[in-house]
Amino acid sequence: MDDLSDILGDEYEAVIGLEVHCQLDTASKLFSGASTKYGAEPNSQVAPLDMGLPGTLPVVNRKAVEYAVRAGLALRCDVRNETKFARKNYFYPDLPKGYQISQHRAPLCENGELVVPIDGDPLGDGDVRRVGIQRLHLEEDAGKSTHLKGQPHSLVDLNRCGVPLIEIVSEPDLRTPAEARAYMKALRDIVVFLDISDGEMSEGSLRCDANVSVRPSGDEAFGTRTELKNINSFKFVHDGIAAEIRRQIELLEAGESVEQETRLYDVDAGRTRPMRSKEESHDYRYFPEPDLPVFTVDKEWIEEIRANLPALPAERRRMYREAWNVGRDDAGVLTGEPALANFFEASVAHWSGDAQTVANWIVNQWLRVLNDTGHTIDEAGVEPGEFVGVVELVEDRVISQNAGQTVLEEMITTGRDAETIVDDEGLRQMTDAGAIESLVDDVLDDNPEQVAEYRGGNNNVLGWFIGQVMQASGGSADPKIVRSLLQEKLDS
Amino acid sequence: MSRDILKELRAGEISSLEVIDAIIEAAQDDVFNAFVSLVDPSELREQARGADRAREAGEARPLEGWPVAIKDNICTRNLTTTAGSKILEDFESPYEATAVQRLRDAGAIVVGKTNLDEFGMGSSSETSHIGPVRNPADPDRVAGGSSGGSAAALAAELALGALGSDTGGSVRQPASHCGVVGLKPTYGRVSRNGLIAYASSLDQIGPMASTVEGCARLFDAIAGHDDRDATSLAVEPAGPGCADVLSEGVDGMTVGLPEEYLGEASRLDPQVRSRVEAAIEALEEAGAETTSVSLPHTEYAVATYYLIATAEASSNLARYDGVRFGRRAEDADDLAELYKKSRAEGFGDEVKRRIILGTYVLSAGYYEAYYEKAQKVRTLIRRDFESAFEEVDALVAPVAPTPAWTLGEKRDDPLEMYLEDIFTTSANLAGIPAMSVPSGTTDQGLPVGTQLLGPALSEPVLFRLAQKIFEQCNDEASGRG
Amino acid sequence: MSIAKTEVEKVARLARLEVEEKRAEKLVDELDSVLEYVGKLDELDTDDVEPTTHPVAAEHTGRDDEVNEGLTVEQVVGHAPDQQDGQFRVPKVVDE
Ligand SMILES: [Mg+2]
Ligand SMILES: [Zn+2]
Chain A
1 MDDLSDILGD
11 EYEAVIGLEV
21 HCQLDTASKL
31 FSGASTKYGA
41 EPNSQVAPLD
51 MGLPGTLPVV
61 NRKAVEYAVR
71 AGLALRCDVR
81 NETKFARKNY
91 FYPDLPKGYQ
101 ISQHRAPLCE
111 NGELVVPIDG
121 DPLGDGDVRR
131 VGIQRLHLEE
141 DAGKSTHLKG
151 QPHSLVDLNR
161 CGVPLIEIVS
171 EPDLRTPAEA
181 RAYMKALRDI
191 VVFLDISDGE
201 MSEGSLRCDA
211 NVSVRPSGDE
221 AFGTRTELKN
231 INSFKFVHDG
241 IAAEIRRQIE
251 LLEAGESVEQ
261 ETRLYDVDAG
271 RTRPMRSKEE
281 SHDYRYFPEP
291 DLPVFTVDKE
301 WIEEIRANLP
311 ALPAERRRMY
321 REAWNVGRDD
331 AGVLTGEPAL
341 ANFFEASVAH
351 WSGDAQTVAN
361 WIVNQWLRVL
371 NDTGHTIDEA
381 GVEPGEFVGV
391 VELVEDRVIS
401 QNAGQTVLEE
411 MITTGRDAET
421 IVDDEGLRQM
431 TDAGAIESLV
441 DDVLDDNPEQ
451 VAEYRGGNNN
461 VLGWFIGQVM
471 QASGGSADPK
481 IVRSLLQEKL
491 DS
Chain B
1001 MSRDILKELR
1011 AGEISSLEVI
1021 DAIIEAAQDD
1031 VFNAFVSLVD
1041 PSELREQARG
1051 ADRAREAGEA
1061 RPLEGWPVAI
1071 KDNICTRNLT
1081 TTAGSKILED
1091 FESPYEATAV
1101 QRLRDAGAIV
1111 VGKTNLDEFG
1121 MGSSSETSHI
1131 GPVRNPADPD
1141 RVAGGSSGGS
1151 AAALAAELAL
1161 GALGSDTGGS
1171 VRQPASHCGV
1181 VGLKPTYGRV
1191 SRNGLIAYAS
1201 SLDQIGPMAS
1211 TVEGCARLFD
1221 AIAGHDDRDA
1231 TSLAVEPAGP
1241 GCADVLSEGV
1251 DGMTVGLPEE
1261 YLGEASRLDP
1271 QVRSRVEAAI
1281 EALEEAGAET
1291 TSVSLPHTEY
1301 AVATYYLIAT
1311 AEASSNLARY
1321 DGVRFGRRAE
1331 DADDLAELYK
1341 KSRAEGFGDE
1351 VKRRIILGTY
1361 VLSAGYYEAY
1371 YEKAQKVRTL
1381 IRRDFESAFE
1391 EVDALVAPVA
1401 PTPAWTLGEK
1411 RDDPLEMYLE
1421 DIFTTSANLA
1431 GIPAMSVPSG
1441 TTDQGLPVGT
1451 QLLGPALSEP
1461 VLFRLAQKIF
1471 EQCNDEASGR
1481 G
Chain C
2001 MSIAKTEVEK
2011 VARLARLEVE
2021 EKRAEKLVDE
2031 LDSVLEYVGK
2041 LDELDTDDVE
2051 PTTHPVAAEH
2061 TGRDDEVNEG
2071 LTVEQVVGHA
2081 PDQQDGQFRV
2091 PKVVDE
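Protein chains in written order, with this note's numbering: chain A, 1 to 492; chain B, 1001 to 1481; chain C, 2001 to 2096.
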């Protein structure tokens, strides 16, 4: 389904714009002091304002503004020095005040862009699409209604009411479902690296609506668009839009016209369907929020936020590859999560050798150990300096590569430091050539048949000899020394 | 009780307990329907004893033992807060309004919640779910509104101070009709936290009292920045509180007389005019200069006010939907019905009328023509005041075109009722402070107030002027009761 | 400008207010007279005038990101007209 031509053929072109809602990772809500923690007991994180109690007033969470500005700057937007809030009025049981405080006429950020890799290469070495960011504004989330199966009732939980969101509205610059998905993934990487959101689509921290239309290839004018609502996974971004494009083309092919409407992607059917239409078309009656004066974001604050902007994955990949000579794929893995990239960079700072060695260690050993022990990099409790210490022990041949992995595991599970583990577990490597030589001599003396075999041309026996010597050393002999001594003696 | 009761309280000539007992007795059969709810008498006596102990110990706070009444659209923790509406008839707020908390912190004793027009939408206090307030000066007449219960409670000596709220004149007009002092502060001077919103950009909680000094002391207690209200002003005017400048007089002040309020075209009732003129004379005698000024956009104020107020109200009242609190219609099959029926049953006619008008002026296709147009005219009205205040320290005007009218008289014509606010809405639109000071009575004994308006944060000036008018025009009333 | 009855009905629906037939006709008249009255604002040329949203501008720089508010579940749903399992209960909500 990734193949664009399957869906569009040569005759049609799709035009896609996304409205992405991203939950900001603040401790308290956008306008109240209630907690935003995910997964709490229903209605246990509700301030008087969040339930729309009479007489309550909103006060802006400054941190949320800061986070939104971070996102705006990362998306190369213009940030307004004076931003205004507005009320969007509609009735819904999960909207206690009867209006959502959002932004309408003077959004915090405007006129940005995001460069998205579009040829399937996530590292961005191939073709890219420049997607315009029309606006990025702050608004509050609504609560959650759950429909009770088999009953004519729904239950309403207001914990999510007032959680800060940014809405990022793209220009209709995307052309394929794959591009839309790549755009979402790029946005996700940005908000996660900016440390303003956990970017979890599965928890609803990142959601998107897609405006989709098709037109005959070469046409300038847009076709009639539909809005695909509540897309909640990267897969559905692609599949839902693809299904909608297919539907619209079928309509046009049949000589029918596309109706402007709101639709939902039915995952099971693999098709989109119209949302059961509300009583009438929406008339949100936006007007300036009288409870909130103009919010001032002064230039100094913006510059301070800009100066402290964390580096984004694309930029960091470039640095790893160009300045540190790290391999392309390793650079890709290391920039998959901010915690990983931060750990790598901090480790390199502790390391005097080449960065690729540290990269190898993280990608090949450290990630496996973390995975085996079931920890995230932050939970593991091993500092980059301690980690590099283990790498040094191996590189200095104090312990073997395998022992290195054991040490890392033990550090996580027992919290002991590397030296203690090496001593306690007897992991120190035998590097005294004389001692190893006497073991080698013993093994050769005890196995004349195999010696003859080797000398008869079967080089494979070497591995068996190495194993015997390692066993005799209790695993502590440096395998490199063992190998070179064996070779020397057998070949002589 | 005399009007000097506050002084007597402070001097220890009368105890808080005696005052409270008098109020408990008088409030028993609340003949003017001033209260929606009252605090339990034993609770009140307990607090009064506490106040007397504090005074004896020399630890009296500024309002120690003052019985105050709170308009029932201001949230209090220990009593229901109904806003005069059926939709909130059993509503208990889990939190308390900042202004109420500040009164308590200053030692005041909340005696009860006062009657009002439903959600503050009216000029007569006739529309609440418990029926109309009656004017203590003449029980067949309205008390004015929407803070009619607070004004009547003061006039009937059921409280020594009160809070009202003023969106288009709702503190000043009932104060005028009942013969008490009422201030609409500068927008942002008193926190709106806990005030049930009618029109957020116009609403202010205002102090009311039987004397200018009492009003000033209440204002000093409730004014000031509040972190819970983003529109609350951070600037604190320098110098002493309003109660401490009353004796400074008005010598050398220049007071403007707006042609549009006092000229022929203003259709002012002759008796009202004569009381306002008496007030102007009193100021002149006290040493103030008077000069004529013009506020050319005055005639557009009521239209501007109704567009903005109803638009904001339509949004502010969307939360009363029968889902989380308040009244829910019983037999709604689906969600749309639940909303429509709960709201139809819970709101009175005037509230519905304003919600419909406000929804209309915000709806697609009308926003620019009505709402935004009104916001622009609001700018012109604001500028009128700005230029006037380049010439003068304050303005003198009537509060209402007529004295209190008969109950039921204007109920059928909304527009006629709206025009009652012709002299008061401008101050809300411009955000400036304005107050009503008793200026004597008509031949039939109906109270008439004079309005004082000043630039933002000029409350101390208004109180000084008010004090002079109060002293000069109310000699005969000072020993009343 | 004169308002049509259908328009009043549409607005009533938008405001979630049930208006009886009888009442609707009276409302049309009342709104008509109010709208005619407020139409006097058209006399004024306001093309170059900025709208006033806040009469006195407070400076708003926001609050710190601190968790310092919250009601108990009982305070939140305890007075609700209908509740179940600590949540508000309403007639079925369709199509989120
Ligand atoms: Mg949207
Ligand atoms: Zn949104």
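If you are wondering where the hints come from, they were derived from the structure by calculation, not from laboratory data. Do not take every clue at face value.
As the list claims (entries may be wrong) - EDC-like cross-link-like pairs, simulated, lysine to aspartate or glutamate; straight-line CA separation at most 20 Å: (1) Lys-2092(C) - Glu-1337(B); (2) Lys-229(A) - Asp-268(A); (3) Lys-1086(B) - Asp-2065(C); (4) Lys-149(A) - Asp-1244(B); (5) Lys-84(A) - Glu-2059(C); (6) Lys-185(A) - Asp-119(A); (7) Lys-2040(C) - Asp-1333(B); (8) Lys-2026(C) - Asp-1393(B); (9) Lys-2010(C) - Asp-1349(B); (10) Lys-37(A) - Asp-2065(C); (11) Lys-1341(B) - Glu-2020(C).
Said to hold, decoys possible - Taking CB as the label site, the calculated pair distances span: (12) Glu-2066(C) - Lys-149(A): 47 to 53 Å; (13) Asn-2068(C) - Asp-1004(B): 42 to 48 Å; (14) Tyr-1367(B) - Asp-195(A): 50 to 56 Å; (15) Glu-1390(B) - Gly-132(A): 46 to 52 Å; (16) Asn-2068(C) - Tyr-1367(B): 36 to 42 Å.
Model, not experiment: these values are computed from the prediction. Positions of the beta carbon are idealized from the N, C-alpha and C atoms, including for glycine.
Has the given pair, Lys-1341(B) with Glu-2020(C), been kept, meaning a C-alpha gap of at most 20 Å?
Cα-Cα ~11 Å, so holds.
Could you say whether the range 50 to 56 Å given as a hint is met by the Cβ separation of Tyr-1367(B) and Asp-195(A)?
violated (39 Å)
Would the hint linking Lys-2040(C) and Asp-1333(B) be met if the CA-CA limit is 20 Å?
violated (44 Å)
CB-CB spacing for Tyr-1367(B) and Asn-2068(C) relative to the 36 to 42 Å hint:
holds (37 Å)
For the pair supplied as a hint, Lys-229(A) and Asp-268(A), confirm whether the alpha-carbon distance does not exceed 20 Å.
holds (16 Å)
Between Lys-2092(C) and Glu-1337(B), does the CA-CA distance stay at or below 20 Å?
holds (12 Å)
For the pair supplied as a hint, Lys-149(A) and Asp-1244(B), confirm whether the alpha-carbon distance does not exceed 20 Å.
violated (67 Å)
Does Lys-2026(C) pair with Asp-1393(B) here, judged by a C-alpha cut-off of 20 Å?
violated (46 Å)
Pair hint outcome, Lys-84(A) versus Glu-2059(C) [Cα-Cα no greater than 20 Å]
holds (13 Å)
Does the Cβ distance between Glu-1390(B) and Gly-132(A) fall inside 46 to 52 Å?
holds (48 Å)
Hey, Lys-2010(C) versus Asp-1349(B), does the alpha-carbon distance stay inside 20 Å?
holds (18 Å)
Is Lys-37(A) within 20 Å of Asp-2065(C), Cα to Cα?
holds (13 Å)
Checked against the numbered hints given earlier, this structure breaks hints 3, 4, 7, 8, 12, 14; the rest are met.
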